[in-house]
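Asker: Whole structure, please, built from the sequences with the hints as guidance.
2 protein chains.
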Amino acid sequence: MKIGLDVMGGDFAPDATIQGAVLAREQISSNDRIFLFGPSDIIESKLKEIGADSTGFTIVHSPEIVGMGERPIKAFTQKPNSSIANGFKYLKSKEIDSFSSAGNSGAAMVGAMYSVNTIQGVIRPSTLGVIPRENGGMNIILDIGTNPDIKPDVLYQFAILGSLYSEYVLNVKNPKVGLLNIGEENEKGNLLCQSAFRLMKDSKDFNFFGNIESRELFSDKVDIFVCDGFTGNIVLKQIEAMYSIMLRRNLVDDYFSRFDYENYGGSPILGVNGSVVIGHGISNAKAIMNMILQSKQLHESGITKKIKRAMNKYTQSK
Amino acid sequence: MKIGLDVMGGDFAPDATIQGAVLAREQISSNDRIFLFGPSDIIESKLKEIGADSTGFTIVHSPEIVGMGERPIKAFTQKPNSSIANGFKYLKSKEIDSFSSAGNSGAAMVGAMYSVNTIQGVIRPSTLGVIPRENGGMNIILDIGTNPDIKPDVLYQFAILGSLYSEYVLNVKNPKVGLLNIGEENEKGNLLCQSAFRLMKDSKDFNFFGNIESRELFSDKVDIFVCDGFTGNIVLKQIEAMYSIMLRRNLVDDYFSRFDYENYGGSPILGVNGSVVIGHGISNAKAIMNMILQSKQLHESGITKKIKRAMNKYTQSK
Chain A
1139 MKIGLDVMGG DFAPDATIQG AVLAREQISS NDRIFLFGPS DIIESKLKEI
1189 GADSTGFTIV HSPEIVGMGE RPIKAFTQKP NSSIANGFKY LKSKEIDSFS
1239 SAGNSGAAMV GAMYSVNTIQ GVIRPSTLGV IPRENGGMNI ILDIGTNPDI
1289 KPDVLYQFAI LGSLYSEYVL NVKNPKVGLL NIGEENEKGN LLCQSAFRLM
1339 KDSKDFNFFG NIESRELFSD KVDIFVCDGF TGNIVLKQIE AMYSIMLRRN
1389 LVDDYFSRFD YENYGGSPIL GVNGSVVIGH GISNAKAIMN MILQSKQLHE
1439 SGITKKIKRA MNKYTQSK
Chain B
1139 MKIGLDVMGG DFAPDATIQG AVLAREQISS NDRIFLFGPS DIIESKLKEI
1189 GADSTGFTIV HSPEIVGMGE RPIKAFTQKP NSSIANGFKY LKSKEIDSFS
1239 SAGNSGAAMV GAMYSVNTIQ GVIRPSTLGV IPRENGGMNI ILDIGTNPDI
1289 KPDVLYQFAI LGSLYSEYVL NVKNPKVGLL NIGEENEKGN LLCQSAFRLM
1339 KDSKDFNFFG NIESRELFSD KVDIFVCDGF TGNIVLKQIE AMYSIMLRRN
1389 LVDDYFSRFD YENYGGSPIL GVNGSVVIGH GISNAKAIMN MILQSKQLHE
1439 SGITKKIKRA MNKYTQSK
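Sequence lines, in order, name chains A and B. Note that our numbering has the first sequence beginning at 1139, numbered continuously upward. Note that our numbering has the second sequence beginning at 1139, numbered continuously upward.
Some clues are possibly wrong.
The list makes no distinction among identical chains, and a pair is therefore deemed to hold if it is satisfied within one copy or across any two copies.
[As the list claims (entries may be wrong)] 27 Å max Cα-Cα, derived DSSO-like pairs, lysine-lysine:
#1 K1375 x K1451
#2 K1446 x K1424
#3 K1375 x K1326
#4 K1339 x K1375
#5 K1232 x K1339
Simulated from the structure, these hints should not be mistaken for laboratory data. None of the values given here were measured: they were computed from a predicted structure.
Answerer: Right under this line is the structure:
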């Protein structure tokens, strides 16, 4: 497998990305290659600096840099030789099988949508987050920020995307979808949730549990929480905030230690024709390593094909 | 002062409410009276059962019961002799100065709006929640569920209501308002936040900080978080969920122990012509006591008058 990494993405790039790539290299088979996108002089000197063996790496010289504040579309059109633009070019031409970046996440989303493209039938691709369950295992929540304003049919599709991720990447059998809401009764919520509930309640495209409140985020009542990207982003950053206070106050036990983002890598982009993972801006080497391994796992799960098949069925049934 | 309590409201009523009233009675001046609304036979026997002195209490016989699942408006029209309907009748006629209930919160909101009425100029009254700051003091967040779908001008008014509460009830000088959002930059967020930001950014009606993320909910960057009632409800129930897991796992220290809802009583309804507090359904005696004391404090702060004055100024400036 050929695994792409944006060496210049993230607050601690290129040190953290190079170190993360070296750590990931140790975890994968010798048949796999990691493609490093970035300025070749920087990559080579960093690899040398940490005494890493460059076997198993392919460097794709990409001298231009996309900043965190840059407008995504502009970054792509004006910097075709940036690490992120080249990564998506390689992904599109299938010279790599997966690509991940901890850089400008808007640029990564735009890159994915305009290079490998959105899967036919998918209205909006989505990013997802994981939430450790108190009883073991992981819940997922989507969307987490890519789509702050959405229509009910988009939320419906998120339920399909999330179900496939839960089933084929997290290996949950017949995962349950909950509509994140402010009450459990059928008629509860804002207009979006009320409409989405009506669309979802008799769904044959996924296993719908019903409305579910945020007090159940850490329980095992459902496997997937669907919500608009505004709500999902608020939820995840709030978890991070409370976790970091607990960390500061020495209150983290074996359960809460599972909240450390480093263990998870990043968020896949679901609904595009390729395996793409967006990492946390503050990713350190361990987080980068996990992001790389996650992009590999995403590709190997065959989820893109599963989504294509599901969307085909969904489109035909409408 | 004459303080009203819905004896029949809450999951543990009437035991918890009567006990809470007796506890509150010990905290207030002998010139104050607590008006107990509910079936007089039940109230009298419960008071006798716990050996409480009935001096200082006025019982207002209200034999009808409004259930938690009942539709608010129906409950009022069909049960004019319920504890909650009678409470609001007394509040309207100024036979009591404040009223609180841990019962059907929808019915309490409807009761407030149709008895004492919304303050002129207020588009939608709001309920608020408190969030303990790590550095001491309290943040507030509004709305927390009453208004799941709102327009930007309603959010603007929540900033006024919240500022007055923070200043006159919590004694914060020149409190800062943050617009709860998924990014700090000006153009971030969903359509509601983007429009609200434009309305708020040059406001002279309150001290606007700007956009603020949920990772700052426990910090002292702002004093007031404004958001739609859907988002606020998700935020508060998520805090409760994480707190209760911490409690279960013995991870609560001096800071997190301040998350115990029992200490706060309930949520005031801001924007109506009277001092009304809605309690948590699961309120125990201590929570009821604090709800009663909070409704007293709300009345004494004179916030209703402050809101009237502010809304008058706001309406004239438009």
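Asker: If a hint holds in the structure, say so; if it doesn't, say that too.
Answerer: For each hint, the structure was consulted:
1. For the identical chains of this complex, K1375 and K1451 are neighbours neither inside a copy (35 Å) nor across copies (37 Å), given an alpha-carbon limit of 27 Å.
2. Neither within a single protomer nor between protomers do K1446 and K1424 lie at most 27 Å apart by alpha-carbon distance, with minima of 32 Å and 56 Å respectively.
3. For the homomeric pair K1375 and K1326, the shortest alpha-carbon distances inside one copy (25 Å) and between copies (15 Å) are both at most 27 Å.
4. Taking the shortest Cα distances, K1339 and K1375 sit within 27 Å of each other only across copies (24 Å), while inside one copy they are farther apart (29 Å).
5. For the homomeric pair K1232 and K1339, neither the shortest alpha-carbon distance inside one copy (39 Å) nor that between copies (47 Å) is at most 27 Å.
Violated hints, listed in ascending order, are 1, 2 and 5; each of the other numbered hints is respected by the structure.
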